[in-house]
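Protein chains: 2
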Amino acid sequence: MSSTSRRDFVRMAAISVAGAPLIPSIAHRATPTTVRQEKKLGFALVGLGSLSTNQIAPALRKTKHCRLAGIVTGTPAKAEKWKSQYGIPDKSIYDYQTMSRMADNPDIDVVYVVTPNALHARDTIKAAKAGKHVLCEKPMEVSTARCQEMIAAVKAANRQLAIGYRCRFEPHHLEMLRIANEKELGEVRLIESGFGFSIGDPTQWRLKQALAGGGPLMDVGIYSIQSAEMIAGQYPIAVSAMTTKSDPVKFKDVEESMTFELKFPNGISASCTTTYKVNGFNRSTAYADRGSFGLTPAFNYDGIKGWRSDQKPLDAPEVDQFATEMDDFANCIINNRPTSVPGEMGLRDVRTMMALYEAARTGRTVRLG
Amino acid sequence: MSSTSRRDFVRMAAISVAGAPLIPSIAHRATPTTVRQEKKLGFALVGLGSLSTNQIAPALRKTKHCRLAGIVTGTPAKAEKWKSQYGIPDKSIYDYQTMSRMADNPDIDVVYVVTPNALHARDTIKAAKAGKHVLCEKPMEVSTARCQEMIAAVKAANRQLAIGYRCRFEPHHLEMLRIANEKELGEVRLIESGFGFSIGDPTQWRLKQALAGGGPLMDVGIYSIQSAEMIAGQYPIAVSAMTTKSDPVKFKDVEESMTFELKFPNGISASCTTTYKVNGFNRSTAYADRGSFGLTPAFNYDGIKGWRSDQKPLDAPEVDQFATEMDDFANCIINNRPTSVPGEMGLRDVRTMMALYEAARTGRTVRLG
Numbered sequence: 001m002s003s004t005s006r007r008d009f010v011r012m013a014a015i016s017v018a019g020a021p022l023i024p025s026i027a028h029r030a031t032p033t034t035v036r037q038e039k040k041l042g043f044a045l046v047g048l049g050s051l052s053t054n055q056i057a058p059a060l061r062k063t064k065h066c067r068l069a070g071i072v073t074g075t076p077a078k079a080e081k082w083k084s085q086y087g088i089p090d091k092s093i094y095d096y097q098t099m100s101r102m103a104d105n106p107d108i109d110v111v112y113v114v115t116p117n118a119l120h121a122r123d124t125i126k127a128a129k130a131g132k133h134v135l136c137e138k139p140m141e142v143s144t145a146r147c148q149e150m151i152a153a154v155k156a157a158n159r160q161l162a163i164g165y166r167c168r169f170e171p172h173h174l175e176m177l178r179i180a181n182e183k184e185l186g187e188v189r190l191i192e193s194g195f196g197f198s199i200g201d202p203t204q205w206r207l208k209q210a211l212a213g214g215g216p217l218m219d220v221g222i223y224s225i226q227s228a229e230m231i232a233g234q235y236p237i238a239v240s241a242m243t244t245k246s247d248p249v250k251f252k253d254v255e256e257s258m259t260f261e262l263k264f265p266n267g268i269s270a271s272c273t274t275t276y277k278v279n280g281f282n283r284s285t286a287y288a289d290r291g292s293f294g295l296t297p298a299f300n301y302d303g304i305k306g307w308r309s310d311q312k313p314l315d316a317p318e319v320d321q322f323a324t325e326m327d328d329f330a331n332c333i334i335n336n337r338p339t340s341v342p343g344e345m346g347l348r349d350v351r352t353m354m355a356l357y358e359a360a361r362t363g364r365t366v367r368l369g
Numbered sequence: 001m002s003s004t005s006r007r008d009f010v011r012m013a014a015i016s017v018a019g020a021p022l023i024p025s026i027a028h029r030a031t032p033t034t035v036r037q038e039k040k041l042g043f044a045l046v047g048l049g050s051l052s053t054n055q056i057a058p059a060l061r062k063t064k065h066c067r068l069a070g071i072v073t074g075t076p077a078k079a080e081k082w083k084s085q086y087g088i089p090d091k092s093i094y095d096y097q098t099m100s101r102m103a104d105n106p107d108i109d110v111v112y113v114v115t116p117n118a119l120h121a122r123d124t125i126k127a128a129k130a131g132k133h134v135l136c137e138k139p140m141e142v143s144t145a146r147c148q149e150m151i152a153a154v155k156a157a158n159r160q161l162a163i164g165y166r167c168r169f170e171p172h173h174l175e176m177l178r179i180a181n182e183k184e185l186g187e188v189r190l191i192e193s194g195f196g197f198s199i200g201d202p203t204q205w206r207l208k209q210a211l212a213g214g215g216p217l218m219d220v221g222i223y224s225i226q227s228a229e230m231i232a233g234q235y236p237i238a239v240s241a242m243t244t245k246s247d248p249v250k251f252k253d254v255e256e257s258m259t260f261e262l263k264f265p266n267g268i269s270a271s272c273t274t275t276y277k278v279n280g281f282n283r284s285t286a287y288a289d290r291g292s293f294g295l296t297p298a299f300n301y302d303g304i305k306g307w308r309s310d311q312k313p314l315d316a317p318e319v320d321q322f323a324t325e326m327d328d329f330a331n332c333i334i335n336n337r338p339t340s341v342p343g344e345m346g347l348r349d350v351r352t353m354m355a356l357y358e359a360a361r362t363g364r365t366v367r368l369g
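Chains A and B supply the protein sequences, listed in that same order.
Going letter by letter, the first sequence gives residues 1 to 369 in the working numbering.
Going letter by letter, the second sequence gives residues 1 to 369 in the working numbering.
Just chain A, with the same shape it has in the complex (with noise of 0.2 Å):
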């Protein structure tokens, strides 16, 4: 196996789909070093949006592991533009329709649902069906009984399920995290968080319920919660929230702003912010017994900026988070190790949300088991 060529890692791939799932500890546990040198997983995109285009796509030449090997999407301009742009094979480019042939394509390794929220089951189910690992962007998806469909779909394939939470991997969230378990200024206590910005274009699929399943909350607000978790070291157990709407022509369907609550088993508190009507709020802070420490701004693609209130710096390096992220993923393919970010922590994050929309409906504290 130690010369095993990308090329042969793929027939492989494809075999297992023909026949038995391919178990990846038997195929790569003997080599695993090797094999990280020498591989690059196929990474398909599904959903040709801004995020694909401006972050996705560029970051797939920067990492080690990953090549841009397909794309689906509804928009015949697209796949031409893409073709030529990324030297991308007509038998690799797919549309919605024709998304399962990906099952007899083994340049492809990896499906990226980077598709509006509601979209992200059908997509994720389809790729497992074709025997794709799959990375899904977060919110993992609007419900959790989709869910719990979509890791249940992956779950039968053999496959992996990521969810694409890319602070997880970058470096100033990591050294937030090593900070807190380090209890380096004592234990952390009290977390408070904010992400949101003023969205633009009213007609945006991000605003609209059905595809959205929710306002900035499940688009942005997830950061606050992902920070609160990463920090704490768990998930909540009881959330409130409410919402406020100044413009309910524009935000009929979603909230336009929620201030929210996280209470976690280990006492520690978020009180955190998302909002889709004005631009500022990108922020995560960590209250110890001996100080506090935070990022800001928090959660943009570059530019995180950290500080100690002990003046000691927060510094990490920069890197690509999606780049960093889809190169985890394959590693942990490759490598046949679990992800840290798997479907049931997208789930148990739609399942809080949920808890937040709840809570903010009724007036009540919602509790989490």
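None of these hints come from the bench; they were simulated from the model.
Note that this is a predicted model, so its numbers are computed, not measured.
Treat the hints loosely; a few may be bogus.
Identical copies go unnamed one by one, so any copy, or any two together, can satisfy a pair.
[Said to hold, decoys possible] In silico DSSO-like cross-links for lysine-lysine, where the CA-CA straight-line distance does not exceed 27 Å: (1) 183 <-> 250; (2) 183 <-> 208; (3) 91 <-> 183; (4) 252 <-> 40; (5) 252 <-> 183; (6) 245 <-> 183; (7) 155 <-> 40; (8) 62 <-> 305; (9) 78 <-> 312; (10) 83 <-> 312.
Starting from the known structure of chain A, arrange chain B on it as the hints suggest.
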């Protein structure tokens, strides 16, 4: 009246107490300018703890219209110390039993109540019955019923009652208010505020429910409520809250930390945190349609720093906040102008805080009419 000396002024006050209540509008409206220049109202401090010792007494020396004229203390050693330090005559030194005799002391115009929260009604009502104006530290009291008794007592005495909301007169906070009111960065939509600290001595009254009426919310969380109200220009109509406790011994009586949300009639939401557990919470931020602005730190006695997202300065003169607060109240009394921080405001905030405790206890959003 143009040559009215301080002695004449306080004699008039004394007469008014002995007979019909003095109506300041009659006594002073004719010559406010002269009065403003010549009068210094006599303040008696009730409760000589660290706030009186380290902030208020030194501040009195910086005022234009006030002077330290008397003290009320239950500790003879403190009486001796203050007597010699400030040259207070024996007749103006009281304990809580003799305090009512102030009625006969024309040197004292205003009583500044600086005792523990649950003693504010007792001391305010005594002062009012002695015919004095009352400046009462925040929080006004530990129940709305007591606040109402205070308002009634001061009203019956035809005097003024102000609450020690120093930030209402602090130039950085006033600049925040100006930016909000003039919509310089557009309409304010969201507010974030936090104030808290790591409390020391576990035996202090602030940790005793009977004396404090609550924990950090009553003591410092109230600054976030005030700041949000100031920026929103309204009182909140719905609140939610969660409390946490990691040290049930130290915090057996009161909450250790609280995260809470305030919703205002104009649609503004505020997300707030208060704590006695950790240091570092000290900020107020407003997010408006075209930018954000805030103070960090926001609530210190000095060193308040402002910022604006458009990089313009949010600067203001540094003042002694207690001196400014006392001078404003003195001006209100001298010029027969109602205070902008009346007992009704203190009552409303106590009502809001009681609603927050109810929200935390029941896990329900509590509405305020």
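Taking the hints in turn, this is what the structure says about them:
1. In the homo-oligomer, the alpha carbons of residue 183 and residue 250 lie at most 27 Å apart only across protomers (21 Å), although the nearest pairing inside one protomer, at 44 Å, exceeds that limit.
2. For a Cα distance limit of 27 Å, the shortest separation of residue 183 from residue 208 qualifies neither inside one copy, at 42 Å, nor across copies, at 30 Å.
3. For a Cα distance limit of 27 Å, the shortest separation of residue 91 from residue 183 qualifies neither inside one copy, at 52 Å, nor across copies, at 56 Å.
4. In this homomeric assembly, residue 252 and residue 40 never come within 27 Å of each other (Cα to Cα): the closest approach is 45 Å inside a single copy and 58 Å across copies.
5. When the C-alpha separation of residue 252 and residue 183 is checked against a cutoff of 27 Å, the pair qualifies only between copies, where the shortest distance is 25 Å, while the shortest distance within a copy is 44 Å.
6. Taking CA atoms no more than 27 Å apart as the test, residue 245 paired with residue 183 passes between copies only; the shortest distance there is 18 Å, against 39 Å inside one copy.
7. In the homo-oligomer, the alpha carbons of residue 155 and residue 40 lie at most 27 Å apart inside one protomer (23 Å), although the nearest pairing across protomers, at 81 Å, exceeds that limit.
8. For the identical chains of this complex, residue 62 and residue 305 are intra-copy neighbours only, at 22 Å inside a copy versus 42 Å across copies, given an alpha-carbon limit of 27 Å.
9. For a Cα distance limit of 27 Å, the shortest separation of residue 78 from residue 312 qualifies neither inside one copy, at 48 Å, nor across copies, at 43 Å.
10. In this homomeric assembly, residue 83 and residue 312 never come within 27 Å of each other (Cα to Cα): the closest approach is 48 Å inside a single copy and 47 Å across copies.
Comparing the model with each numbered hint stated earlier shows that hints 2, 3, 4, 9, 10 do not hold.
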